[in-house]
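Engineer: Sequence:
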Amino acid sequence: MMWTWHNEIPEHLVVQGGPKTLARVDVTFNNPDAARGGGEFRFDWPVYSDWGIGLTVRESMNSRRVDWVSTGPGNSWGQEAYVDDLLYEIEPRKTYKPGSKHTQKWFEPIERPHLNNNCKLPTREGSRLTLDVPGWGGSDHVGASMDYQGTRQTLTLYQGADRLAQATYNTTVTAQAPRPDRQPYRLVLDADRDASVSPYSSATHTEWAFTSEANATDRPAVLPLIQLDYAIDTDASGKAGRGREDGCFRLPPAGCGRGGHHLLAHRGPLLRRRAHLAAGPPYTRRVLRPGRTARSPLRLASRHRAGQRP
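Residues in the sequence shown are numbered consecutively from 94, following this note's numbering.
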């Protein structure tokens, strides 16, 4: 619970809470390794500070609970959770409306690189490019591996055909842009993990093509790396139901504007389908799953009208 008063000393320091004034968040922790402990915390981010308030505490990572979150002005919330020596996840920073209901799932089996506003965004400052991209995000979470034996990732930045920087295991690459004018760049992330870590998301390959030029000011500018969100309903073991529409993919409008070409292709032994995503928020498209058990690769592509694409 958090409440902020601005330019006033309140006469009453009691704020009434209840289902109509608070937000409800149904939280599920699906620890992929029940033998490991973990912890979490929902950090409060007040508008007057660049720091989140709080400290992670030990909690069961195989549990469900209901959180009631304050919705007053002056702050936002950002939760973080981890499994010991395995995975650290960070949800987007957000505010909640009074009386709203939300669902939050941690350590989902489908994982891939993802960025959000509660972690370091890729930036350019003058000629310096800095891109921090962990490879194991679930849903809308940033996800970084803490198992350096069972998981691997390689992040490479190109300008045209020239390789500017590469990082192995480390999630960050930095490089000097060879020219100040607008030039094409490409960021490539390859990640894989042992079956002992998880039987799902065994390997991912992600590419972002984007353009960049020197900033008009000395302040860092966020690089335009667009991405697709998804929501796929699975049980605690990572299995999805069969024979129904349960795949939902969304291109977030923030940071990339509207308009563009967004293509979804799910290719497998039982399903071969290409679909254009909707042109307006929330840029959503559902996908039919196969009618019997199968594993198949999923390929997602999107191109913004300005030329950026993941």
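Worth flagging that the hints you see were computed from the coordinates, not collected in a lab. Quick reminder that beta carbons are idealized off the backbone N, C-alpha and C, glycines included. Treat each hint with caution, since some may be false.
Okay, derived cross-link-like pairs now, PhoX-like style, lysine-lysine, Cα gap no bigger than 25 Å in a straight line [what the hints assert, rightly or not]:
no.: 1; residue 1: Lys-113; residue 2: Lys-213
no.: 2; residue 1: Lys-198; residue 2: Lys-113
no.: 3; residue 1: Lys-198; residue 2: Lys-213
no.: 4; residue 1: Lys-113; residue 2: Lys-187
no.: 5; residue 1: Lys-332; residue 2: Lys-198
no.: 6; residue 1: Lys-198; residue 2: Lys-187
no.: 7; residue 1: Lys-213; residue 2: Lys-187
no.: 8; residue 1: Lys-113; residue 2: Lys-194
Label pairs and their in silico Cβ distance ranges [as the list claims (entries may be wrong)]:
no.: 9; residue 1: Gly-130; residue 2: Val-281; range: 32 to 40 Å
no.: 10; residue 1: Asp-311; residue 2: Asp-285; range: 34 to 42 Å
no.: 11; residue 1: Asp-285; residue 2: Asp-143; range: 31 to 39 Å
Engineer: Which of the listed hints are broken here?
Structural biologist: Violated hint: only 1; rest satisfied.
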